[in-house]
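Chains L and X are the protein sequences, given in the same order. Residue numbering for the first sequence is 1 to 180, as defined by the numbering used here. Residue numbering for the second sequence is 1 to 180, as defined by the numbering used here.
Careful, some of the hints might be misleading.
Identical chains share a label here; the pair holds if one copy fits it or two copies do between them.
Said to hold, decoys possible - Below, in silico cross-link-like pairs of lysine to aspartate or glutamate (EDC-like), each with a Cα-Cα straight-line distance of 20 Å or less: (1) K168 / D20; (2) K51 / E107; (3) K39 / E94; (4) K39 / E129; (5) K39 / E74; (6) K39 / E107; (7) K168 / D98.
Because the hints were derived from the structure by calculation, they are not lab data.
Number of protein chains: 2
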Amino acid sequence: MNFCSNCGSADLSYQQPAGDTHQRHVCEACQTIHYRNPKVVTGCLPVWEDKVLLCRRAIEPAYGLWNVPSGYLENGESVRAGAKREVQEEALAEVRLDYLITLYDIERINQVYLQYVGHLIEGRFGVGEESLDAQLFTEENVPWDEIAFTSSEFTLRNYFHDRSIPRKLLHQASYPAVRS
Amino acid sequence: MNFCSNCGSADLSYQQPAGDTHQRHVCEACQTIHYRNPKVVTGCLPVWEDKVLLCRRAIEPAYGLWNVPSGYLENGESVRAGAKREVQEEALAEVRLDYLITLYDIERINQVYLQYVGHLIEGRFGVGEESLDAQLFTEENVPWDEIAFTSSEFTLRNYFHDRSIPRKLLHQASYPAVRS
Numbered sequence: 001m002n003f004c005s006n007c008g009s010a011d012l013s014y015q016q017p018a019g020d021t022h023q024r025h026v027c028e029a030c031q032t033i034h035y036r037n038p039k040v041v042t043g044c045l046p047v048w049e050d051k052v053l054l055c056r057r058a059i060e061p062a063y064g065l066w067n068v069p070s071g072y073l074e075n076g077e078s079v080r081a082g083a084k085r086e087v088q089e090e091a092l093a094e095v096r097l098d099y100l101i102t103l104y105d106i107e108r109i110n111q112v113y114l115q116y117v118g119h120l121i122e123g124r125f126g127v128g129e130e131s132l133d134a135q136l137f138t139e140e141n142v143p144w145d146e147i148a149f150t151s152s153e154f155t156l157r158n159y160f161h162d163r164s165i166p167r168k169l170l171h172q173a174s175y176p177a178v179r180s
Numbered sequence: 001m002n003f004c005s006n007c008g009s010a011d012l013s014y015q016q017p018a019g020d021t022h023q024r025h026v027c028e029a030c031q032t033i034h035y036r037n038p039k040v041v042t043g044c045l046p047v048w049e050d051k052v053l054l055c056r057r058a059i060e061p062a063y064g065l066w067n068v069p070s071g072y073l074e075n076g077e078s079v080r081a082g083a084k085r086e087v088q089e090e091a092l093a094e095v096r097l098d099y100l101i102t103l104y105d106i107e108r109i110n111q112v113y114l115q116y117v118g119h120l121i122e123g124r125f126g127v128g129e130e131s132l133d134a135q136l137f138t139e140e141n142v143p144w145d146e147i148a149f150t151s152s153e154f155t156l157r158n159y160f161h162d163r164s165i166p167r168k169l170l171h172q173a174s175y176p177a178v179r180s
């Protein structure tokens, strides 16, 4: 942050406002306090029969690697609606959300991943503009060495581990965990 | 947003950038795209014996009303660490987090509430600077007409409803739900 987005002043300080517990960017001209907070990445692992749907990323970061359809939650959107939108955008597919499987924090880059397991409606999917490819994988065929992010590996490994038990568990961890 | 926080220009447009799915504030001078995303409110309902701990807010909004200790997740912080911090700040208390009970979206104001149930260590608490009071309440004594936010009522009602069953359920809803 170089300029105040409210008044345009370059006279910004980094300080702990009165009554606050954290340091903030504060505009010395108009006194606006500029808060910065983590972003939510919402997503869903679509499941069809004994397979899961992954997308191969056509964008950076992790271009060319496989991922659980996920992206930033947008203003005006619920976490569940965002998860379904990401599957639609990346895999041109519809899912019925089943359960929240992952709460994964990456404190270093201020991200909170919330990922669901969902039922891939009629097993239909395509390849969205942000994807190079989309494919259904059995556990044995998942390209484990080409998974885009630890958050996705965390979701995948916990999903396959839990698949044989009736309970649907939420798993929580922080980067760099890949299993809970 | 009146000025670009990168270059200070007032020449901002609101448009859908190439390859994007949403409209953004874009600086016409330096081309910076300014993303706006929902914020996470993290919190915890501390439980001691058959009671829950609520705090009476000393700050707006909802000054004077009772709340589940909660607040904005900070950069560099996990959701779980933030929940514990909020209990410390508002009730000067330590909790051992038990389970995530609530994912509550308020799309209109771009908030995602994530609230835990936690064990109040040794039943000890105080009154933090952001609180006018803190008290333990049985279900019968909860001041239901003076609860600060629907998110807190949602957490409280689901907690008491589920208390008699062994499973620890995550409840999900959007505003204005007060029970799932």
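Verification of the supplied hints:
Proximity of K168 to D20 under the C-alpha cut-off of 20 Å is found in neither arrangement, the shortest distances being 39 Å within a copy and 34 Å between copies. In this assembly of identical chains, K51 and E107 lie within 20 Å of each other by CA distance neither inside one copy nor across copies; the values are 31 Å within and 33 Å between. Taking the closest pair of Cα atoms, K39 and E94 never come within 20 Å of each other, the shortest separation being 24 Å inside a single copy and 26 Å across copies. In the homo-oligomer, the alpha carbons of K39 and E129 never lie at most 20 Å apart, since the shortest distance is 23 Å inside one protomer and 27 Å across protomers.
Taking CA atoms no more than 20 Å apart as the test, K39 paired with E74 passes in both settings, with 9 Å inside one copy and 10 Å between copies. For the identical chains of this complex, K39 and E107 are neighbours both inside a copy (10 Å) and across copies (15 Å), given an alpha-carbon limit of 20 Å. In the homo-oligomer, the alpha carbons of K168 and D98 lie at most 20 Å apart both inside one protomer (9 Å) and across protomers (17 Å), since each shortest distance falls under that limit.
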